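Residue numbers (numbering that gives the first Met the number 0), protein chains in the order written: chain A, 0 to 263; chain B, 0 to 294.
Keep in mind that the hints were calculated from the coordinates and are not lab data. Note that the coordinates shown come from a computational prediction; the quantities given were computed from them, not determined experimentally. Where hints are given, some of them may not hold.
[Stated by the list, open to error] When the alpha-carbon atoms are kept at most 25 Å apart in a straight line, the in silico BS3-like pairs for lysine-lysine are as follows:
id : chain 1 : residue 1 : chain 2 : residue 2
1  : A       : 237       : A       : 249
2  : A       : 12        : B       : 288
3  : B       : 289       : A       : 111
4  : A       : 76        : B       : 289
5  : A       : 119       : A       : 165
6  : A       : 79        : B       : 81
7  : A       : 123       : A       : 111
8  : B       : 289       : A       : 12
9  : A       : 165       : A       : 123
10 : A       : 249       : A       : 233
11 : A       : 131       : A       : 76
12 : A       : 233       : A       : 181
13 : B       : 288       : A       : 76
[Unchecked claim] What follows is a set of in silico ranges between Cβ atoms, one per label pair, in the way DEER data are often shown:
id : chain 1 : residue 1 : chain 2 : residue 2 : range
14 : B       : 272       : A       : 150       : 42 to 48 Å
15 : B       : 150       : A       : 127       : 57 to 63 Å
16 : B       : 81        : A       : 65        : 48 to 54 Å
[Claimed, not checked] Derived, one-sided and incomplete: chain B residues facing chain A with beta-carbon distance under 10 Å:
id : residue
17 : 77
18 : 159
19 : 172
20 : 174
21 : 175
22 : 179
23 : 226
24 : 227
25 : 228
26 : 230
Glycine is no exception: its CB is placed at the ideal position from the N, C-alpha and C atoms.
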Amino acid sequence: MICLENITKYFHKGSVNEVLPLNNISLQVAEGDFITVIGSNGAGKSTLLNCIAGSFFPDSGSISINNCDVTAWPEYKRAKFISRVFQDPLLGTCPSATIQQNMALAIRRGLKRGLAPGVKNRDKLIFREQLKHLGLGLEERLLDTVGLLSGGQRQALTMLMATLIKPAVLLLDEHIAALDPKTATQILNLTRDIVREQNLTTLMITHNMKHAIAFGNRLIMLHQGRIILDLKGKDKEKLTVEDLLSEFYKSQGEELANDSLLLG
Amino acid sequence: MTLYAALGAVEQGFVYGIMVIGVYLTFRILDFPDLTVDGSLPLGAAISAVAITNGVNPYVSLVLALAGGFVAGAITAILNTKFKILHLLASILTMIALYSINIRIMSGPNVALLGVNTVFDSVIALGVPSQYAGILIFGLFAVCVVSLIVWFLSTELGQAILATGDNPQMITSLGVNTHTIIILGVGISNALVALSGALVAQNQGAADVGMGIGTIVAGLASVIIGETVFGHRTIGRAFTAALLGSVLYRLAIALALGMEFGSFRFNPSDLNLITAILVICALIAPNIKKRVVSR
C-alpha cells in the first residue's frame, strides 16, 4: 500500500522557468491496485512516478510504502519496494552483460551484494523457466549479450527482471510507447499476465485511452500537476473513450477560458 | 634490440601492467577517466620506499602502498560523486595534491633504496638468476592481479560494478548505490596503480616524485594496444589483453628508443611525446577509417 500526502514539487523554483509538475497531490494506492495514469504532455505523470521511485525528493509532502515512511530515502534504497520499467527499452538492461547476468542482477534487487558468484547455478533454472513464459526463445540464449536483442525483446526481459522478486509496487512509465504496435501488444499482454499472476500493485502511464480503460481496476487523470479524475471499480468499468475525451477537453477548455480571461 | 633490452621491456611491461589493469578498470569498466594515477603511482613508490628504509618487510610495504592508493582513488571518487566535481577535474585535483603529499612522505623529492632488502632479494635467495628475477616476480604479481580482478568482477558485487559503468540508471533501480560502487572501483584501481609504483621503485632502487608523469598516457596506450591486438569480448580476455598490451607497449618503446636515423636518436625523455602520438593515432584511427570507408 502506497500513501502520498500533499506532494508538491517545483522544477527551477524561483526562476522564470519555474514549473509546478506536482501540485499538492494526495493518492492512496491499495494493495493489488492496478492504476492506469493518463494526462496530456507535461501533466506530471512521469514526475509522479519518478517521485514515488525517489529520482528526486518532493519539496513538501510525504510518501510511505507499506507503512514505512520513505520520503527521505534515495532511489537505490527504495528499490527494496519498487520495480520500474522505463519507456526507453535501453534503460532497463545492461547491453554488454549476458541475459543471465542481467537477470542475476535483478534477482538481488534491494539485497546486499557480496562476493558470492554473480550468476548462481540454482538461479539459472529459474531464469530459464521464466524466459520460457515469454515464448521468444530467449531461454536458449542465456549466454547472449543483451545488446544483441531487439528493443521488444529487451523490454520483455526488463518486464521479467522487474518482477523476478515481487515488488511492493511496479511502476510502468509508458513502457510500450517506443515499440512497434505488434510488439507493444505482446508486452502489454505480458504485463497483464504478470500483474494478475503475482497480484502486483501497479501504476501504468499510457497515452492510449483504450489501454487506460481496458487495463487495471482504477484510472487517474492528471492535469497541471493535479489529479482531476479518479475512477475505480464500477465507475471505471462503464467508462468509454468518449467520456474520457470529454473530461480531457473539459480540462483543456478551462485552460482556454483562463487564457481568454487573461488575454481579454 | 638486444635480448637484454627485450627482457627488460617484458619486465617493465609486467610491472606497469598492474597499473594498466587499474586504468582499464576505471577507463573502460567504470567509464571514469581517472588522472589520479599520475599521483598514485609515485604515492605507492614513496610509501613502499619509506616503509622499507624504516625496516618494514618489503611485502608488507606493498600492502601499505595498496592501502594508500585506495585512499587516493576513493578521494577522487568522493569529490566526483558526493560533491559533483567533474571526474577529470576531481582526479587532476587529487593528482596535484598528491605531488605535495608524496614529497612530504619522502621528506624530499626522492628516496634511494640502496643496500636494503626488496622483494627481489627473496626471489634471488631462492636461486633465480638476477636478470630473470624481475620477470618472474612481476609476471607472478601481474597474473595474480588479473585473476583476482576477473574473479572479483564475476561476483555479485563485481557484476554491480560492471553494471554501474554500463547502465547506472538500471543498477540504481535495482537497489545499488552507484556512488559507493564508483568509490570502491576507483579506489581499487588506484590501489593497483600504487602497487605497481611500489614494485617499480623496488626494481629501480629509488622512489621519485616525478616518476608518475605520463602514467595515464602510458596506461591508455597499453589498453588501446591490448584491445586492438587481443580483443576484449569477455572480461577475462579484456584484462589479459590489457596486461599483454602493456608488454607490447614497452617492447615498442624499447624498439623506438633503439632506433637511429642518421645522427638522430630518440632520448628516454621523448617517451611521453611518442606515447601521446601513439594514443592520438589510436584514438583517431577509427574515425579516419570510417571516413575513408564511407567515401
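So, going through the hints one by one against the coordinates:
A C-alpha spacing of about 19 Å is found between residue 237/A and residue 249/A, which places the hinted pair at or below 25 Å, so the restraint holds. Distance restraint check for residue 12/A and residue 288/B: the Cα-Cα separation of roughly 48 Å exceeds the 25 Å cut-off, and the hinted pair is therefore not satisfied. The straight-line distance between the Cα atoms of residue 289/B and residue 111/A is roughly 44 Å, outside the 25 Å bound, and the hint therefore fails. Restraint check for residue 76/A and residue 289/B: the C-alpha separation of about 44 Å exceeds 25 Å, so the hint is violated.
Between residue 119/A and residue 165/A, the direct Cα distance comes to roughly 19 Å. Compliance with the 25 Å bound is thereby established for this hinted pair. A C-alpha spacing of about 23 Å is found between residue 79/A and residue 81/B, which places the hinted pair at or below 25 Å, so the restraint holds. Between residue 123/A and residue 111/A, the direct Cα distance comes to roughly 19 Å. Compliance with the 25 Å bound is thereby established for this hinted pair. With a C-alpha separation of about 46 Å, the suggested pairing of residue 289/B with residue 12/A is violated against the 25 Å cut-off.
Straight-line distance between C-alpha atoms of residue 165/A and residue 123/A comes to about 18 Å, which keeps the hinted pair within the 25 Å bound. Of the supplied pair hints, the one linking residue 249/A and residue 233/A holds, its CA atoms being roughly 22 Å apart against a limit of 25 Å. A hinted pair counts as satisfied when its Cα atoms are at most 25 Å apart, and residue 131/A with residue 76/A does not qualify at roughly 31 Å. Between residue 233/A and residue 181/A the CA atoms are separated by roughly 30 Å; this puts the pair beyond 25 Å, and the hint is violated.
Of the supplied pair hints, the one linking residue 288/B and residue 76/A is violated, its CA atoms being roughly 46 Å apart against a limit of 25 Å. Taking the beta carbon of each, residue 272/B and residue 150/A are about 46 Å apart, inside 42 to 48 Å as hinted. Between residue 150/B and residue 127/A the CB atoms are about 25 Å apart, so this pair departs from the stated range of 57 to 63 Å. Our hint of 48 to 54 Å for residue 81/B and residue 65/A is violated, since their Cβ atoms are close to 30 Å apart.
A least Cβ separation of about 16 Å between residue 77/B and chain A goes past the 10 Å threshold, and the interface hint is therefore violated. The criterion of a C-beta within 10 Å of any C-beta in chain A is met by residue 159/B, whose closest approach is roughly 5 Å, and the hint holds. The closest approach between the C-beta of residue 172/B and any C-beta of chain A is roughly 5 Å, which is under the 10 Å cut-off, so the hint is satisfied. A cut of 10 Å between beta carbons decides the hint on residue 174/B: the least distance to chain A is about 3 Å, and the hint holds.
Taking 10 Å as the C-beta cut-off, the interface hint given for residue 175/B holds, the closest approach to chain A being about 6 Å. At a threshold of 10 Å, the smallest CB-CB gap from residue 179/B to chain A is about 9 Å, leaving the interface hint in force. Annotation: interface hint on residue 226/B violated; nearest CB of chain A at approximately 14 Å, more than 10 Å. Hint on residue 227/B is violated. Least Cβ distance to chain A is approximately 18 Å, over the 10 Å limit.
Taking 10 Å as the C-beta cut-off, the interface hint given for residue 228/B is violated, the closest approach to chain A being about 20 Å. Contact between residue 230/B and chain A, as hinted, is not supported at the beta carbon level, the nearest pair being about 14 Å apart and thus beyond 10 Å.
Hints 2, 3, 4, 8, 11, 12, 13, 15, 16, 17, 23, 24, 25 and 26 from the earlier list are contradicted by this structure; the remaining hints agree with it.
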